[in-house]
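> Based on the provided sequences and hints, a complete structural model is requested.
Sequence order for the protein chains is A and B. Numbers given in the working numbering equal positions in the first sequence, counted from 1, plus 723. Numbers given in the working numbering equal positions in the second sequence, counted from 1, plus 589.
The set of hints was computed from the structure by calculation and includes no laboratory data. For clarity, every value in this text was computed on a predicted model and none was experimentally measured. Built from N, CA and C at the ideal position, the CB exists for glycine as well. Misleading hints may appear alongside valid ones.
To be clear about the criterion: a stretch of chain A counts as covered by chain B if any three or more of its residues have a C-beta under 8 Å from a C-beta of chain B, and this derived list gives those stretches [claimed, not checked]:
id, region
1, 770 to 784
2, 834 to 843
3, 853 to 863
4, 880 to 886
Partner residues aside, some chain B positions facing chain A, computed with beta carbon under 7 Å [claimed, not checked]:
id, residue
5, Val-599
6, Ala-604
7, Asp-687
8, Gly-689
9, Ile-734
10, Thr-746
11, Leu-748
12, Tyr-749
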Amino acid sequence: MGMYATGQVFYGYLFDEDAEFPTDEDGERIEEFDLAEKILRELGVEDPWDSYPDTAGMDYRAQNEAHKVWYAAHKAEIDAWSSARTEIEKDINVEMSSFGHYEYSRACLEVKGTSQSASPSYPHALDSDFTYMAQWKRDLDEFLDKFDIEPPTGPNQPGWWLVASYG
Amino acid sequence: MMGMSPEGIVFFGYAFEEGSLEDGMPRIDEIASARALAKGVKKPDWNASPRGYGPEAEAWRQENKDTIDAWFEAKRAEEALMGADVVEWHYSGSYDYDCGFYLCVKSSRLVSEWGSMVNLSPDSMYAHHNSWEEALRNHLADLDIPLPDHCPRWFLTSLYG
Numbered sequence: 724m725g726m727y728a729t730g731q732v733f734y735g736y737l738f739d740e741d742a743e744f745p746t747d748e749d750g751e752r753i754e755e756f757d758l759a760e761k762i763l764r765e766l767g768v769e770d771p772w773d774s775y776p777d778t779a780g781m782d783y784r785a786q787n788e789a790h791k792v793w794y795a796a797h798k799a800e801i802d803a804w805s806s807a808r809t810e811i812e813k814d815i816n817v818e819m820s821s822f823g824h825y826e827y828s829r830a831c832l833e834v835k836g837t838s839q840s841a842s843p844s845y846p847h848a849l850d851s852d853f854t855y856m857a858q859w860k861r862d863l864d865e866f867l868d869k870f871d872i873e874p875p876t877g878p879n880q881p882g883w884w885l886v887a888s889y890g
Numbered sequence: 590m591m592g593m594s595p596e597g598i599v600f601f602g603y604a605f606e607e608g609s610l611e612d613g614m615p616r617i618d619e620i621a622s623a624r625a626l627a628k629g630v631k632k633p634d635w636n637a638s639p640r641g642y643g644p645e646a647e648a649w650r651q652e653n654k655d656t657i658d659a660w661f662e663a664k665r666a667e668e669a670l671m672g673a674d675v676v677e678w679h680y681s682g683s684y685d686y687d688c689g690f691y692l693c694v695k696s697s698r699l700v701s702e703w704g705s706m707v708n709l710s711p712d713s714m715y716a717h718h719n720s721w722e723e724a725l726r727n728h729l730a731d732l733d734i735p736l737p738d739h740c741p742r743w744f745l746t747s748l749y750g
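Pasting the structure below:
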């Protein structure tokens, strides 16, 4: 089958399979909840890649040339934006993720650094004792608030979760 | 692999690499049998039992009921003396290859099957560590297995179930 079993633990929110997420202006479910980009936009810093030229229909050489010209003209802007983004990301302690595979996938919002996984081999020693910090829940809820995502309900949410998936 | 699905497993205990113990993973059932025999408990003569579940086999079981009951009671007692009602051994890894084995506290071993999620409630995860560690140590001492060079701890593994 070419697939492996993967066991994973993490601390965070685990969403139901049919959980509803915000949609964009076209009614499409938002796939990426990029908090760093959202914060930058709130600060009035636009993503320079938004002005990337439409090269559809050009042949490869023309596309390549258009990219070089555009990139050279926007390099300083891109570097500044990337640096700002990197700085903001240092303070973001949570991230959206998912587990499962193409037939079945569940979304989760996890605290960075709490996720650990193991394949079917010698057991992986966990550097966790399944305790948690109060700040973690605040970070998770702040993220949900930013994107108007309803927190999952149920016992011990957020909490430590053990899940299995095809790796 | 058809019909098999992944399982995620956490447990509190000790992990042993393949080959780390001379006799491999201890067979608690066999050890309990050997200890019961050494104490003079009579083992039922299973070879004399008619095969299957028919009337003859049932008659043989009734005829030897006292011996059979005493044997299993003695084995259960030996297993309890070893602490096997609290701890247990498992092979780790896949069916395809050897990845060692582990000794864990039974109640700490949690399995998440494909499509299900296990909530690792803090109350249940670390409330009994002291008694767990003692049970693990006592079991290894009873089997004359040296303590591993690491403390008992939480492990994560997976397999196709």
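> Hint by hint, which ones does the structure fall short of?
1, 7, 9
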